[in-house]
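Colleague: The primary structure of each chain is shown beneath.
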Amino acid sequence: MIELRNVTKRFEDTIAVDGVSLTIPDGELTIVLGPSGCGKTTLLRAINRMVKIDAGEVLIDGRSITSVAPEELRRHIGYAIQSVGLFPHMSVGRNIATVPRLLRWDNVRIEKRVAELLDLVGLDPATYTQKRPHELSGGEAQRVGVARALAADPPVLLMDEPFGALDPISRERLQREFADLHRRLAKTVVFVTHDIEEAVILGDRIVLMRDGRIVQVAAPEEMWLKPDQQFVRDFFGAEFGLRILSRHRVSDLVPGPMPAGEAPHVSPETNLRDVLALMVLESAEQVAVVVDGYVTGGLTFCEVVTQVRRAS
Amino acid sequence: MDSSNRLSGTSESGTSESAGTEQTPPARARSTQVVSGRANAVISATGGFIAAVALGFAPFFSFRPNRIVEGEPVSAIVGLGTAGYVALILILLAGFAAPPLWHRGHRAGPRGRLRGLSGLVRGLLASAALLLLLAQTGRAASEFATGQSQAARTSFGWGFYLFLFALFLLYYAASADTTSRSGRLLIWVVPILGVVLLAAFGALNELGIVREWSLTRSSFAPALTRHLFYALGATIGAIVFGIPLGVWAARSRRAETIIMGGLSLGQVLPVLAFVGIMIPILASLSDRVPPLEALGISGIGWAPVMIVLFIYALFPVTRNTLVAIQQLDPGVLDSAKGMGMGRLRSLKEVELPLAFPVVLAGIRIALVQSTAGAIIAAFVGGGGLGTIMFMGIEQTSMDLVLVGVVPIVALALFFDTLIRSVERLSARGRSVDPDLSGA
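Protein chains in written order, with numbering that gives the first Met the number 0: chain A, 0 to 311; chain B, 0 to 438.
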């Protein structure tokens, strides 16, 4: 658990973070979201002391982060940034091994861990361990960046717009894979982004910031249904509901009776946004849920709408 | 001509918009290669032309009854007869045998096989001309020397130096055209090896420069050693102090201002004036501190020279270290720090290795500069090759001047080539892909 208490940071005459208090529960993926210049990156960097805060304190599992040397602290917190920052003169394997080397793991253990991590992020260890960073695509480099952040199995992972510099297609793929990864590893992740779509897709909870202060902390659904302020509504915009729909799949809903006539087919994996789009496209009131070629049930427009509200 | 060809080519192939744009890049790439091939051919032909003029009309060498008097300058073809004409033909062939000079549409690949082969042949032809000329001049010199006094000299005239310059152009174009690495190496090694062999077999013994060298032989080796001592000593000192200074300057703005300001000031001061300033300072120091005197540090001799060369060498090393570290990708530094590397660790594992090629370039500049700069030692009784050079100037013996200067130039070129190749090796695979640096 990460606790921030009254954290304040000033840069010359601007206040980047203004008395922020926040509790980040274990195992959750917490998104820090806000317009640029709202202080979200500063807040993130305060956690691993990359930014020295002027007032307040930060606790990890009840211990103040100032109780250990900053280098020691950082070795136990994963860190991934938008520019990746792979060391261009080291192989992919050596890049990933950075923190384990700092922690003086033995070589056998490091080698095993590197292979394991490359597998984890979907890169073949045999092909990639010896590659140099300049031989990687943007997406591959960011995968290596994530593997490097996870190297010493830190309980906490800080990520600053890690997918921000990627093209839309690889960004979407990495987001999806990262969501899966998070589900499996259950790390405490603090993830900074200004991309609303990314925040809604990935976040267990969203911390919405503005001008150095927190506006609202809530799960995306709650933020959609019960926005604290007009700013929240304005910031997420009219598409917010559709984005929430894309967080849910057909399998999350209880299917209704089989459709009587012809109906477009969807699978349990289809997300609800696509289901609605399909209904509009086909001018259909309902869809048929198909598993292994058999229709197992149906969903009507009303069912989708009411069940999403209830689930939220 | 060339650009109009390219334009019409594009418009013919461009039946549809997309087809046209797809075909443009390779077409342009090919045409630039044709242009660069032609540029080399023009350089080669220029070299051939200048060399021919140097052989045919310029004073190539002169026979002088003694070291001081002006001799009768002779051109190569007059002085060497048949050999001169043969060399002239060889050098014309070497200069003008580049295929792109004759075929306008010569486009057999990036470096056509024919062009590559012609590069090698041209290089070897030029070397043949050089070696023939040297051997024949050496023979003419020994013919002239018989029956003359010991002080008789056969010296090269400006035509010879012009010829060397033209030769450099020829080699440059030839090696640029040659595709294989070993071929390029051959072009440069054959003439050097050839001259060494000619000298080893005594074919050049009667040339003025060699005569002077054998006369100063006993003082040559110590002068060379002393010269190397200055150049390497100053450079090593600059490495030891310059890299930490550069790192320090990169860490803080104020340090940068003070360090770079101070070092620039040192650069502005003329070397000789600097040595002049050092003399009284060091003299009074060694008077007051006996251990310094015991080390041989005094107002004259090696100490002021070494100190001044060191301070001059400090500038390129420090500046390059500073710039190299300042230009590192901030994302790389941020992630090094963010993963828990301390300052020293980050310096050792990330910053210095990444800065290395640029720092090395600074070291190269320092070394080449110190090698040339060590001439000043001659002014304060510090020895070195400068002593021989100034002796030559005093005696108005150009040959003796060259005995001092040629090794300095050769050393500087050698150091430059050596470190450059290390730079090239170390820079390989180090480039940061722009995609990775992100924002």
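Possibly wrong hints are sitting among the right ones.
With the Cβ distance kept under 10 Å, some of the chain B side facing chain A (calculated, not the full set) [unchecked claim]:
#	residue
1	278
2	329
3	330
4	332
5	335
6	337
Hints are computed from structural coordinates only; laboratory data are not their basis.
In this text, a Cβ means the ideal position worked out from N, Cα and C, and glycines have one as well.
Colleague: Against each hint, give a clear statement of whether it holds in the structure.
Modeller: The hints, checked one at a time:
1. 278: It is violated, given that the least Cβ distance between residue 278/B and chain A is near 46 Å, above 10 Å.
2. 329: holds, 8 Å
3. 330: holds, 3 Å
4. 332: With Cβ-Cβ at 8 Å, under 10 Å, it holds.
5. 335: Holds: closest Cβ of chain A sits about 7 Å from residue 335/B, inside 10 Å.
6. 337: Hint holds; residue 337/B Cβ to chain A Cβ min 4 Å, cut 10 Å.
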